[in-house]
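Undergrad: Given these sequences and hints, build the entire structure.
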Amino acid sequence: MKLRPINLKFYVIVVGCGKIGLELAARLSQIGFNVTIIDKKPNSIQLLPEDYGGFIVIGDATERGTMEQAKANKADLLIVTTDDDSTNYFISMVGAKIFGIPSVLALVNNRENVPLFERSEIKVISPINLAVETFERNILEGIDQLVGDIK
Amino acid sequence: MIDVLVVDDEKHVRNLLVRMISIGFECNPMEAGSVEEALKLCDKHRFDLITTDIKFENEDELDGIEFIRRLRLRGIFTPVLIVSAFATAEHIAEVCKFAPIDYLAKPFTQDELRKKIRTLLEYKKDSFERYLREAEGLIHSNFPGDLEKGEQLVRTMFSLMPSSPIPHYLMAEILTRRGNSELAEKHRNAAKALDINMRGYRKGDEIETD
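Protein chains in written order, with the working numbering: chain A, 1 to 151; chain B, 152 to 361.
There could be a bad hint or two in this list.
[As the list claims (entries may be wrong)] Dumping the calculated PhoX-like pairs for lysine-lysine here, alpha-carbon to alpha-carbon at most 20 Å:
1) B:Lys266 <-> A:Lys9
2) A:Lys9 <-> A:Lys74
3) A:Lys71 <-> B:Lys267
4) A:Lys41 <-> A:Lys19
5) A:Lys74 <-> B:Lys266
6) B:Lys206 <-> B:Lys191
7) A:Lys41 <-> B:Lys162
8) A:Lys9 <-> B:Lys267
Quick caveat, the hints were computed from the structure, so don't treat them as lab data. Please read these numbers as outputs of a predicted model, since none were measured by experiment.
TA: Below is the structure:
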């Protein structure tokens with residue numbers, strides 16, 4: 001059983017129930033994390049898969065009350081995945097500084113904002129950077145063959 | 152091994168609760184998505200612990216509090232853990248009289264849940280032992296009406312620990328005192344069947360084996 005190693009001891013809050021947040025929350029719960037997903041819109045939550053085992057909090061994560069309701073002070077990890085970088089930055093900072101969450105990971109949609117997040121010791125996931133790095137790795141892995149063909 | 156019933160209309164919470172309880176305790180969890188379903192299950196099975204939400208979508212009258220009230224009316228005194236995000240002070244005050252009961256706010260951590268369940272199971276053990284002492288006293292008293300009071304306690308003990316032989320032993324004594332030796336014998340046999348170590352219900356008691 002996949003659940004055994006983590007045993008639901010690790011409490012994770014995922015903010016944002018977009019494509020990324022949704023998929024992530026579902027996967028983390030499957031692996032054996034204790035997951036709470038927070039979103040403003042009740043509709044987006046309905047897209048969670050049938051076997052999702054975790055909590056749902058409907059509310060605005062930029063509001064302190066919502067984070068308190070999600071018991072943010074007990075979280076081991078905060079993952080922020082909304083499509084707005086300033087919202088992500090704000091929630092990440094509140095999570096780390098006010099609620100003392102030991103580890104914070106944020107989605108950074110605009111790569112120009114990456115340094116700001118990094119300066120604040122927030123771990124960054126930037127889709128553009130990830131895509132570029134993956135392209136680069138793929139190209140480099142096939143470079144011998146490519147150079148050979150050109151010759 | 153404990154038998155647990157998880158009552159919640161949200162499938163994702165039931166999934167999590169069943170996983171969490173299975174990891175923390177050796178147990179046999181069952182699920183119900185509505186109060187109606189849960190009551191039906193309680194008629195058929197005996198549980199050591201029940202967890203329930205308070206607010207049920209599309210259910211105005213049959214909420215968690217009504218569920219607990221109906222359980223107690225049926226003579227089921229299983230410990231109940233209320234797991235809800237919406238419990239108000241009024242709710243808590245209302246259910247206090249249906250002890251043993253405890254409350255845990257959603258969301259919760261594995262640790263929080265485990266502590267609450269442990270306390271409830273401990274409470275159950277303590278109250279069972281207290282009932283046993285009281286029932287013994289009442290059964291052996293010659294004061295009119297005490298035997299009936301004792302019987303009431305034994306019935307509560309049945310619902311607290313359905314798989315224990317002790318309430319059967321006590322019931323056998325009550326029935327013997329009333330002269331119904333046939334039914335008493337049945338209870339005694341049921342007790343022996345459940346009493347793997349043949350220890351009886353008093354300390355130091357040894358039951359004769361066939």
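Undergrad: Does Lys191 (chain B) sit within 20 Å of Lys206 (chain B), going by the straight-line distance between their CA atoms?
TA: holds, 19 Å
Undergrad: Holds or violated: Lys41 (chain A) with Lys162 (chain B), Cα cutoff 20 Å?
TA: OK: Lys41 (chain A) and Lys162 (chain B) at ~19 Å, within 20 Å.
Undergrad: Starting from Lys74 (chain A), check that the Cα of Lys266 (chain B) is at most 20 Å away, please.
TA: Holds. Lys74 (chain A) to Lys266 (chain B) sits at ~15 Å (cutoff 20 Å).
Undergrad: Take the C-alpha atoms of Lys9 (chain A) and Lys74 (chain A), compute the straight-line distance between them, and say whether it is at most 20 Å.
TA: Satisfied, since the Cα-Cα distance of roughly 11 Å is no more than 20 Å.
Undergrad: Does the alpha-carbon distance linking Lys71 (chain A) and Lys267 (chain B) stay inside the 20 Å limit?
TA: holds, 17 Å
Undergrad: Can the restraint linking Lys9 (chain A) and Lys267 (chain B) be considered satisfied, given a maximum Cα separation of 20 Å?
TA: Since the Cα atoms of Lys9 (chain A) and Lys267 (chain B) sit roughly 16 Å apart, the hinted pair holds (cutoff 20 Å).
Undergrad: So if I understand the rule, the pair passes when the alpha-carbon distance is 20 Å or less; does Lys266 (chain B) with Lys9 (chain A) pass?
TA: holds, 13 Å
Undergrad: So if I understand the rule, the pair passes when the alpha-carbon distance is 20 Å or less; does Lys41 (chain A) with Lys19 (chain A) pass?
TA: holds, 14 Å
When each numbered hint is compared with the structure, no violation occurs for any of them.
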